[in-house]
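Chemist: Offset between the sequence shown (1-based) and the numbering used here: plus 1.
By construction, these hints were calculated from the structure, which means they are not laboratory data.
Watch out, some of these pointers could steer you wrong.
What the hints assert, rightly or not - Have a look at the derived ranges for each label pair, beta carbon to beta carbon:
1. Asn182 to Ser254: 37 to 45 angstroms
2. Ala196 to Met265: 21 to 29 angstroms
3. Asn182 to Lys276: 27 to 35 angstroms
Stated by the list, open to error - Here are the simulated SDA-like cross-link-like pairs (lysine to any residue), alpha carbons at most 25 angstroms apart as the crow flies:
4. Lys279 to Leu244
5. Lys37 to Glu192
6. Lys37 to Asn17
7. Lys96 to His122
8. Lys216 to Ser254
9. Lys216 to Tyr92
10. Lys96 to Arg250
11. Lys216 to Phe147
12. Lys193 to Glu207
13. Lys216 to Thr132
14. Lys96 to Glu171
15. Lys96 to Gly169
16. Lys193 to Ala272
17. Lys96 to Glu211
18. Lys96 to Glu207
19. Lys96 to Ile214
20. Lys276 to Pro218
21. Lys96 to Ala52
22. Lys37 to Ala74
23. Lys276 to Met2
24. Lys37 to Lys96
25. Lys193 to Asp71
26. Lys37 to Arg183
27. Lys279 to Arg187
28. Lys279 to Ile222
29. Lys37 to Ser254
30. Lys96 to Ala55
31. Lys96 to Gly148
32. Lys276 to Phe147
33. Lys96 to Val215
34. Lys279 to Tyr251
35. Lys279 to Arg250
36. Lys96 to Thr59
37. Lys279 to Trp260
38. Lys276 to Leu244
39. Lys279 to Gly262
40. Lys96 to Ser254
Bear in mind the structure is a predicted one, so any value in this text is a computation, not a measurement.
Just so it is clear, CB atoms sit at the ideal spot from N, CA and C, and this is done for glycine as well.
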Amino acid sequence: MRVFIMTDLEGPCGVNGRPASGSPGNQIINPETAKKALTNEVNACIEGLVAAGADSVTVVDGHGGSNSIDIFALHPAAELVQYGGTFYYAYPEGKYDAAIQIGAHSMQNSGGFLCHTFNSHGTSEMRLNGTPIGEIGVETYICAYFGIPMVLVSGDECACAEARALIGNEVETVATKEAYNRYSARNYSPEKVYAELREKSKRALERRNEIPIVKIPENIILEHEVMCPNTADGAEGAGAERLSFNTVRYTGSDFMRLWLGRYMSPEAVEAHYGKFLKYS
Numbered sequence: 002m003r004v005f006i007m008t009d010l011e012g013p014c015g016v017n018g019r020p021a022s023g024s025p026g027n028q029i030i031n032p033e034t035a036k037k038a039l040t041n042e043v044n045a046c047i048e049g050l051v052a053a054g055a056d057s058v059t060v061v062d063g064h065g066g067s068n069s070i071d072i073f074a075l076h077p078a079a080e081l082v083q084y085g086g087t088f089y090y091a092y093p094e095g096k097y098d099a100a101i102q103i104g105a106h107s108m109q110n111s112g113g114f115l116c117h118t119f120n121s122h123g124t125s126e127m128r129l130n131g132t133p134i135g136e137i138g139v140e141t142y143i144c145a146y147f148g149i150p151m152v153l154v155s156g157d158e159c160a161c162a163e164a165r166a167l168i169g170n171e172v173e174t175v176a177t178k179e180a181y182n183r184y185s186a187r188n189y190s191p192e193k194v195y196a197e198l199r200e201k202s203k204r205a206l207e208r209r210n211e212i213p214i215v216k217i218p219e220n221i222i223l224e225h226e227v228m229c230p231n232t233a234d235g236a237e238g239a240g241a242e243r244l245s246f247n248t249v250r251y252t253g254s255d256f257m258r259l260w261l262g263r264y265m266s267p268e269a270v271e272a273h274y275g276k277f278l279k280y281s
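Please put together the full structure from these sequences, using the hints given.
Modeler: Structure, rendered in structure tokens:
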């Protein structure tokens, strides 16, 4: 069995963050501790997956810069994907039996620790067919596009609740901390978190056929409400429909082409990703 793990850096216990100094955005202020925290949680997850029979684990360093996991301390059963340049993202391409998100954070306006939607101070809200969606949701839909169930999500209590609301109570979740506000949280014991990750990762993989794959709408409407109208100007210039001073809309019937089309032209999507996508 093959498992795909997408990581982020805001969700592990022990990660400390503040508003970025001198520029908009969240900033991890204990990066070495955060890197260790994420690597430890990924390793605990992999231990559970191996116990459940996983043969291969691909870990994607999904935090900005793709430099948040210590490869020298990573579990030997895993391979690490780091991305940059035109390879905007790493996609599972339908080659996996299950997907997991470790270190996830909740969407903008959720009240979770370091909550945001892709751009900490750039996105006011993102809506998929009228329903607010964040990074947990987008990652889940990406995996659903390739027929892969999202079987476990870890992060703070808000992130776990967001995953259950989207996927259903069948999905396994591991809470690492409870947010007091965007920049303050009560962290749970790391050892207890690691133990729960081992247990629930094993159970999640064993239950993978019981956890639903979210249904992607046939007609997709993605609305992006931004904080700065300059961002909306740029999106409109690249082909998005302008709805208001700070909101643009993307429509389509192929989720991945629509999502990638936010960053590049249709020609570039086909050139870089067409061979991985459906209907190509």
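Chemist: With the threshold set at 25 angstroms, check whether the alpha-carbon distance from Lys193 to Glu207 stays at or below it.
Modeler: holds, 21 angstroms
Chemist: Against the 25 angstroms threshold, does the CA-CA distance of Lys37 and Asn17 hold or violate the hint?
Modeler: Between Lys37 and Asn17 the Cα gap is close to 13 angstroms, so the pair holds against 25 angstroms.
Chemist: Tell me if the straight-line CA distance from Lys276 to Phe147 falls inside 25 angstroms.
Modeler: holds, 13 angstroms
Chemist: Are the Cα atoms of Lys279 and Arg187 separated by 25 angstroms or less?
Modeler: violated, 43 angstroms
Chemist: Within 25 angstroms, alpha carbon to alpha carbon, are Lys96 and Glu171?
Modeler: With Cα atoms ~22 angstroms apart, Lys96 and Glu171 stay inside 25 angstroms; holds.
Chemist: Would you mind confirming whether the straight-line C-alpha gap from Lys279 to Ile222 stays at or under 25 angstroms?
Modeler: Status holds; Cα separation ~19 angstroms.
Chemist: Do the Cβ positions of Asn182 and Ser254 conform to the proposed distance bound of 37 to 45 angstroms?
Modeler: holds, 40 angstroms
Chemist: For Lys216 and Ser254, compute the direct alpha-carbon distance and say whether it is at most 25 angstroms.
Modeler: Within the cut-off at roughly 13 angstroms; holds.
Chemist: Between the alpha carbons of Lys276 and Met2, is the straight-line distance 25 angstroms or under?
Modeler: Since the Cα atoms of Lys276 and Met2 sit roughly 23 angstroms apart, the hinted pair holds (cutoff 25 angstroms).
Chemist: Please verify whether Lys279 and Gly262 have alpha carbons no more than 25 angstroms apart.
Modeler: holds, 15 angstroms
Chemist: Does Lys96 pair with Ala52 here, judged by a C-alpha cut-off of 25 angstroms?
Modeler: holds, 20 angstroms
Chemist: Run the distance test for Lys96 versus His122: straight-line Cα separation, threshold 25 angstroms.
Modeler: violated, 34 angstroms
Checked against the numbered hints above, the structure breaks hints 2, 3, 4, 7, 10, 16, 24, 27, 29 and 38 and satisfies the rest.
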